[in-house]
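K.L.:
Hey, can you work out the whole structure from these sequences and the hints?
Sequence order for the protein chains is A and B. Numbering that gives the first Met the number 0 puts the first residue of the first sequence at 0, with every later residue one more than the last. Numbering that gives the first Met the number 0 puts the first residue of the second sequence at 0, with every later residue one more than the last.
To be clear, the hints were calculated from the coordinates, so they are not data collected in a lab. Glycine included, every Cβ here is placed at the ideal spot set by N, Cα and C. The hints are all genuine.
Derived Cβ-Cβ restraints for the label pairs, each shown as a range:
(1) A:LEU43 x B:ALA101: 12 to 22 Å
(2) B:SER5 x A:GLU18: 33 to 43 Å
(3) A:LYS82 x B:GLU100: 25 to 35 Å
(4) A:PRO15 x B:PRO46: 39 to 49 Å
Listing some non-contacts, in silico: residues in chain A with all C-beta distances to chain B over 12 Å:
(5) LEU1
(6) PRO3
(7) TRP5
(8) ARG7
(9) THR12
(10) PRO15
(11) GLY16
(12) VAL19
(13) ASP23
(14) THR27
(15) GLN39
(16) VAL41
(17) GLU76
(18) ALA79
(19) SER83
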Amino acid sequence: MLTPEWIRERVLTALPGAEVEVIDTTGTNDHFQARVVSDQFVGLPMVRAHQLVYAPLKDVLATGELHALALKTYTPEQWAKVKS
Amino acid sequence: MTTPISDALKTRFDTEIKDHPVVLFMKGNQLFPRCGFSARALELLKPFGPVHSIDVLTDPEVREGIKAYSNWPTIPQIYIRGQFIGGSDIVNELASRGELEALIKGS
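P.N.:
Written as structure tokens, this is what we have:
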């Protein structure tokens, strides 16, 4: 059974130093939403940033254990703007 | 982990994507989407012209194949003017920024 913390740890293995927040959106441990802020996204189109987050989760996405992960990705600069 | 796809399937995807300006790989069809994320993507794309949709639930080879082809682990998947756009979050984001129409019309 997946937890937000488990997903967060997995994402951090691929994106060390990122700010990762994960929420279980349905309370059923298979639909989550995540916000990831990383300087590794700088200069990347959004599709590439999302691929970087999905990469360490491919196995659980393939089995369906993780049914959905709604994603928002930001560079630190973009996140500072959104926050303010 | 990701199974490689056959040349025939790759050629089929290449052709579908080249021949249609907006291609949506979805669960279910346009009349009966079988997943909320697919339904949402379809609703966002439809106002800007015809959407060529492919129901991945009708063929397991297509369902797994498109994930490998796009290097993208989930459905829906959206191609616009031959380019891979991403999944439902990205279409949502582009729609909220008002950028979808320009992308589809190539302006």
